[in-house]
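Based on these hints, arrange chain W on the given structure of chain B.
Going down the list, the sequences are from chains B and W.
So for the first sequence, UniProt numbering puts the first residue at 1; every next one is plus one.
So for the second sequence, UniProt numbering puts the first residue at 1; every next one is plus one.
If you are wondering where the hints come from, they were derived from the structure by calculation, not from laboratory data.
Among the hints, erroneous ones may be present.
One copy or any two copies: either way a pair holds, since identical chains are not told apart in the list.
What the hints assert, rightly or not - Capping the alpha-carbon separation at 27 Å, the derived lysine-lysine pairs in BS3-like fashion look like this:
{"no.": "1", "residue 1": "Lys344", "residue 2": "Lys81"}
{"no.": "2", "residue 1": "Lys81", "residue 2": "Lys334"}
{"no.": "3", "residue 1": "Lys344", "residue 2": "Lys7"}
{"no.": "4", "residue 1": "Lys7", "residue 2": "Lys120"}
{"no.": "5", "residue 1": "Lys315", "residue 2": "Lys60"}
{"no.": "6", "residue 1": "Lys334", "residue 2": "Lys60"}
{"no.": "7", "residue 1": "Lys7", "residue 2": "Lys81"}
{"no.": "8", "residue 1": "Lys120", "residue 2": "Lys265"}
{"no.": "9", "residue 1": "Lys265", "residue 2": "Lys344"}
{"no.": "10", "residue 1": "Lys344", "residue 2": "Lys60"}
{"no.": "11", "residue 1": "Lys268", "residue 2": "Lys60"}
{"no.": "12", "residue 1": "Lys120", "residue 2": "Lys268"}
Note that the coordinates shown come from a computational prediction; the quantities given were computed from them, not determined experimentally.
2 protein chains.
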Amino acid sequence: MSVTAAKGFTAAGIAAGIKENGNPDLALVVNNGPRRAAAGVFTSNRVKAAPVLWSEQVLKSGQVAAVVLNSGGANACTGPKGFQDTHATAEKAAEVLGTGAGEIAVCSTGLIGVTLPMDKLLPGVETAAGRLSEHGGEKAALAIKTTDSVHKTAVRTSETGGWTVGGMAKGAGMLAPGLATMLVVLTTDADVEAEALDRALRAATRVTFDRVDSDGCMSTNDTVLLLASGATGVTPAYEEFAEAVRAVCDDLGQQLIRDAEGASKDIKVEVVGAATEDDAVEVGRSIARNNLLKCAIHGEDPNWGRVLSAIGTTKAVFEPDALDVAINGVWVCKNGGVGEDRDKVDMRYREVHIVADLGAGDATATIWTNDLTADYVHENSAYSS
Amino acid sequence: MSVTAAKGFTAAGIAAGIKENGNPDLALVVNNGPRRAAAGVFTSNRVKAAPVLWSEQVLKSGQVAAVVLNSGGANACTGPKGFQDTHATAEKAAEVLGTGAGEIAVCSTGLIGVTLPMDKLLPGVETAAGRLSEHGGEKAALAIKTTDSVHKTAVRTSETGGWTVGGMAKGAGMLAPGLATMLVVLTTDADVEAEALDRALRAATRVTFDRVDSDGCMSTNDTVLLLASGATGVTPAYEEFAEAVRAVCDDLGQQLIRDAEGASKDIKVEVVGAATEDDAVEVGRSIARNNLLKCAIHGEDPNWGRVLSAIGTTKAVFEPDALDVAINGVWVCKNGGVGEDRDKVDMRYREVHIVADLGAGDATATIWTNDLTADYVHENSAYSS
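Chain B with its partners taken away, still in its complex shape (with noise of 0.2 Å):
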């Protein structure tokens, strides 16, 4: 399944040695054709990786013929020797699979400021491409594992197309939008141009991707690529296909929040009532950022001051007492003030349920976050990462 769900596609995943500890490390990606469309996504913190800036480059032909991935460094803050790492990377992908080095994606993650073991890496690809194969989906998945606990994919397929959209994602701690600190590589059968697969990917990313805050840290090395094989032959209505895109998208998202580290609460924040989208989305960040509402919920309190209080640090338009907020379903605040009872409110399970009305117009936003936990801290300070 994964990347090699959709025909036209074969991956392979490899330890390569980049990891000291022995774990896969290196996968590959390669689009068979008979289309290379691509289009990418890429963070927008403005310390960019190595593989970014390069990546960033290739995209803009659109066309993609293959992504290498590795995991056990970001190759981020490494100047211009990471930059020579990076192109190093694809000029010896482009050798080994004979096309341009100019078609060759990078994406790399893991602890930032460190050089990459080229003299693994290098070997790593033409290993790689030794191995690759229609059923490579799942080794590749597991390759760019850093933190998290399972790997994630996720596929849809047209019941009347028959093409399919598949994808892989890797992140679990530095997630926040623009985008989570996550690699991303999405492939399809559909034959489709590489404007519309922008199109599609920009706008499923948006509502997705770009709305799952963990931890409120932005990276340096995010990456979402979708690349089309167009091996199906069939071009379906770009409607159908941007929905596929976005519910791979949206599967993956919620798995990555489901794997945030430490996480013992998966926190959905769905503010209602906003005069805008915008507004809906600054509300929905500065609650899902709020590190005292985040110790609250992990502690099953439903301290929804702590909610008001997050709300008032925004520009959004609302009137202080016109403010409700739900907790798993009860109303704990209302016009500003106290609601039903929060004795009433259940948090026994996993996922919490926060509603914000802010009374102001006809516009949501979701944006899933977790809670702060004492394994958070332990996760992202016993050791780098």
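Relative to chain B, chain W alone:
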């Protein structure tokens, strides 16, 4: 000392029974003149507690006769009833002190969304008025504590002018600019007009309390008041007076950071080489609010990649390959890449000093924050606060 270090002030702190555990919870600070000039700075959170809404009105006259402060309840998000309670508190203080309610400022701190026990609070105001003393400053400082482990006071006296600026503060969590979750009352026996008090107070809070950011969470109740009795009859030069106010605010701000909930490290984030002071502040805040970095510092890990990824989320003027970062004096990042050996960084001590050089100009700013610890999570999840 505290608010009674300056001549012309009396204060009291008592246990009125607002807190169920019987700890001190009500403070009264009275300006006995001959002047009653005053200035105030309040939270920029748009969800403001009733006492903030009340005191903002009081301060418009530039005159304050007394301040009533309670811990054990924030009186925030309590609707019209909450505002009536604040009004009744001011009326009671005015009655027992023989002045008008329009000259009584009110401050509250504690849990949001709970109305105050007025049957305890109003008799408490009367009791406190009966215990007013020129030596009551310490007791007042003790009565405004919430999760504070210690009470905070500071005093500066002019060697040449003989006048004093003193004050008290509370705050240990929900510390973020605009302002930190704090109540602060400053007093002076210098003879200063309300306008100059306001100017000096705003200048001081901008570079002290507004740059203390323990957890990025902004409160609904923040209040900083400065009261002048004129009891020395001395009108100092503005610059000397403003500097004394700044020094007292800086001292109290440092005490807040050192007592932040669950913290094991105090982190000084110094941004230099910025194009503007606003840029320096934006970058400093972004670094200070990065949960991943705060966890790394807790683990004594000089993870400068997390500093760069935080800088990259800002709109400040900089080039990624011109960024330098020092941690405890070691330039671990040079020109956006690997710098000196990170093993040279000694992080055993409580104070951690991060310098980020943007290489874009001469402006600087310093933001103070703390590490993120399991103890912070525990303090903010184990019970409502």
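*Indicate which option fits the pair Lys7, Lys120 if close means a Cα-Cα distance not exceeding 27 Å: within, between, both or neither.*
For Lys7 and Lys120, neither the intra-copy (30 Å) nor the inter-copy (74 Å) Cα distance is at most 27 Å.
_Status of Lys60 relative to Lys268 across identical chains (alpha carbons, at most 27 Å)_ = neither (35 Å within a copy, 42 Å between copies)
*State whether the alpha carbon distance between Lys120 and Lys268 is at most 27 Å within one copy, between copies, both, or neither.*
The answer is neither: 42 Å in one copy and 40 Å across copies each exceed 27 Å.
*Evaluate Lys7 and Lys81 at a C-alpha cut-off of 27 Å and name the case that applies: within, between, both or neither.*
Classified as neither: same-chain Cα gap 37 Å, cross-chain 66 Å, threshold 27 Å.
_Alpha-carbon proximity context of Lys334 and Lys60, limit 27 Å_ = Classified as neither; 50 Å inside a copy, 31 Å across copies.
*Checking Lys344 and Lys81: alpha-carbon separation at most 27 Å within a copy, between copies, both or neither?*
between (59 Å within a copy, 23 Å between copies)
*Is it within a copy, between copies, both, or neither that the alpha carbon of Lys344 lies no farther than 27 Å from that of Lys60?*
neither (54 Å within a copy, 42 Å between copies)
*asked:* Within, between, both or neither: how does the pair Lys81, Lys334 come out at a Cα-Cα threshold of 27 Å?
replied: between (57 Å within a copy, 14 Å between copies)
*Measure nothing new, just compare the shortest in-copy and cross-copy C-alpha distances for Lys120 and Lys265 to 27 Å and report within, between, both or neither.*
neither (39 Å within a copy, 39 Å between copies)
*Taking 27 Å as the upper bound on the Cα-Cα distance, should Lys315 and Lys60 be classified as within, between, both, or neither?*
Result: close only across copies, 25 Å inter versus 36 Å intra.
*Please work out whether the CA atoms of Lys265 and Lys344 approach to 27 Å or closer within one copy, between two copies, in both situations, or in neither?*
This pair counts as within: shortest intra-copy Cα distance 19 Å, inter-copy 39 Å.
*How would you classify Lys344 and Lys7 at a CA-CA limit of 27 Å: within, between, both, or neither?*
Neither. Shortest intra-copy (51 Å) and inter-copy (52 Å) distances fail the 27 Å Cα cut-off.
Violated hints, in rising order: 3, 4, 6, 7, 8, 10, 11, 12; the structure is consistent with all others.
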